[in-house]
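Undergrad: Quick note on numbering: UniProt numbering labels position 51 of the sequence shown as 51, and the sequence is numbered without any gaps.
Calculated directly from the structure, the hints in this document are not laboratory data.
Please note that the accuracy of each hint is not assured.
Taking lysine-lysine pairs in the DSSO-like style, the calculated list, with each CA pair at most 27 angstroms apart, reads [what the hints assert, rightly or not]:
#1 Lys172 - Lys210
#2 Lys172 - Lys266
#3 Lys288 - Lys266
#4 Lys266 - Lys232
#5 Lys288 - Lys210
Now the in silico label distances, taken between C-beta atoms and shown as ranges [what the hints assert, rightly or not]:
#6 Glu162 - Leu276: 32 to 42 angstroms
#7 Ala217 - Gln123: 32 to 42 angstroms
#8 Arg358 - Thr301: 28 to 38 angstroms
#9 Thr301 - Pro194: 35 to 45 angstroms
#10 Asp320 - Ser154: 22 to 32 angstroms
#11 Pro194 - Pro293: 36 to 46 angstroms
Note that the structure is a prediction, hence the values are computed from the model and not measured.
Just so you know, even glycine gets a beta-carbon here, dropped at the ideal spot from N, CA and C.
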Amino acid sequence: MECGLRGTPCSQSTVHGVHGLMAPVTQLLPSLSRVYDAPSFSANPTLVVASGGNVSLSCSSPWPRGSFHLLKEGGADVPQYLELTFRRKRYQAVFLVGPVNTSHGGTYRCYISPESYPYLWSQPSNPLHLQVTGVYREPSLSAQPGSLVQSGDSLTLLCRSETGFDRFALTKDEELRAPQRLDGQPSPNFTLGPVSRSHGGQYRCYCGHKLSSTWSAPSAPLDVLITGMYEKPTLSAQPGPSVSWGENVTLQCRSEVWFDSFHLSKEGSLAPPQVLHLQDTAIPYQVKFTLSPVTSDHEGTYRCYSSHSNSPYLLSQPSDPLELLVSGPHWYLYVLIGVSVAFVLLLGLLGLLLVRHRRRGKGRKPGPVRPPLPRRSPCMLSWKTHRLRKTDSWTASSRLRYLTTLKM
1 MECGLRGTPC
11 SQSTVHGVHG
21 LMAPVTQLLP
31 SLSRVYDAPS
41 FSANPTLVVA
51 SGGNVSLSCS
61 SPWPRGSFHL
71 LKEGGADVPQ
81 YLELTFRRKR
91 YQAVFLVGPV
101 NTSHGGTYRC
111 YISPESYPYL
121 WSQPSNPLHL
131 QVTGVYREPS
141 LSAQPGSLVQ
151 SGDSLTLLCR
161 SETGFDRFAL
171 TKDEELRAPQ
181 RLDGQPSPNF
191 TLGPVSRSHG
201 GQYRCYCGHK
211 LSSTWSAPSA
221 PLDVLITGMY
231 EKPTLSAQPG
241 PSVSWGENVT
251 LQCRSEVWFD
261 SFHLSKEGSL
271 APPQVLHLQD
281 TAIPYQVKFT
291 LSPVTSDHEG
301 TYRCYSSHSN
311 SPYLLSQPSD
321 PLELLVSGPH
331 WYLYVLIGVS
341 VAFVLLLGLL
351 GLLLVRHRRR
361 GKGRKPGPVR
371 PPLPRRSPCM
381 LSWKTHRLRK
391 TDSWTASSRL
401 RYLTTLKM
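Model the full assembly from the supplied sequences, consistent with the hints where possible.
TA: Written out as structure tokens, the structure reads:
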């Protein structure tokens with residue numbers, strides 16, 4: 001797109017050049033382009049832009065009359081002309097790019113042409129490579145052997161992502177200064193070391209593809225802390241390093257020299273160190289880390305460090321190690337676990353029996369229905385009873401006669 005210094009509309013020839021349909025005149029007549037020096041070209045605030053964000057491209061030149069031209073390699077819709085100013089004897093045209101998407105990523109250059117020779121373009125400006133982030137899912141960033149590293153040692157930052165990415169980039173302290181470029185490498189492992197003061201800071205990583213201007217969203221920040229910068233503090237436990245399960249313990253980190261921040265780390269823990277800031281300015285300078293209630297997870301070896309808040313990534317030498325021992329009534333924890341397991345097993349057994357009972361009930365076939373017996377009248381019952389009694393008495397008398405006959 002071309003924008004005249006007096007705000008004149010863009011010419012058709014420049015629009016064609018932007019879309020790649022017509023090459024700039026300097027490419028056709030390179031000898032003439034030597035007459036006009038290349039303009040200056042810059043971006044604000046940065047060339048690494050999150051998807052949906054904005055960036056301004058500024059093209060400036062000392063030529064008093066002429067037009068500015070903005071081209072993108074590969075062709076794309078050109079940004080709209082935003083502002084024209086005159087500062088320090090230079091004319092400046094500003095182009096707004098955004099809200100950016102994947103099509104905006106790529107390499108831009110600007111040119112200037114005098115008003116009397118609109119088809120005679122200057123040398124191309126320095127290239128600006130615009131990179132768009134947030135196109136893919138963010139990776140994760142971790143440190144091996146850990147983010148707490150002694151000055152002079154080495155560590156490796158691992159950028160883990162979904163499969164299919166072959167380009168990885170690492171940035172440092174983005175909150176303080178935005179990265180101007182993501183310089184990727186094929187390996188997701190970044191080795192730092194031997195580390196010094198300059199390596200302390202907050203890191204993020206990105207993943208992308210070769211020959212592409214699009215990147216993933218940044219990983220969560222990872223703080224790399226460099227130890228060994230100052231004298232070590234002292235670490236103690238109150239009421240003592242041996243504590244019963246469920247009780248409270250206070251780890252006290254103190255220093256005779258002024259520091260306003262203290263860090264507590266546990267050996268073997270993947271969690272970042274706990275940080276407390278100084279509240280009381282009385283000597284000795286100290287803070288208290290409270291562990292409550294204590295469980296078996298708190299058992300282990302602790303160290304503390306001191307630092308200044310204006311240099312939060314530079315820590316002192318580690319204190320002498322403090323081993324915290326957790327003892328006491330573990331038995332009721334085991335009883336609770338045993339009762340819980342037994343209760344779960346009982347519920348499972350009852351459920352199994354209930355299912356089995358229902359299946360048996362469904363498998364039974366109903367038998368034939370018997371007709372109800374006829375009711376008998378009281379008269380019939382009395383007649384049968386009288387007959388039975390009569391029969392019984394006759395039988396008894398007959399037996400008596402028979403026995404008498406045998407005796408005779």
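Undergrad: Against the structure, test the hints numbered earlier, and report the numbers of the ones violated in rising order.
TA: Violated: hints 5, 8, 9.
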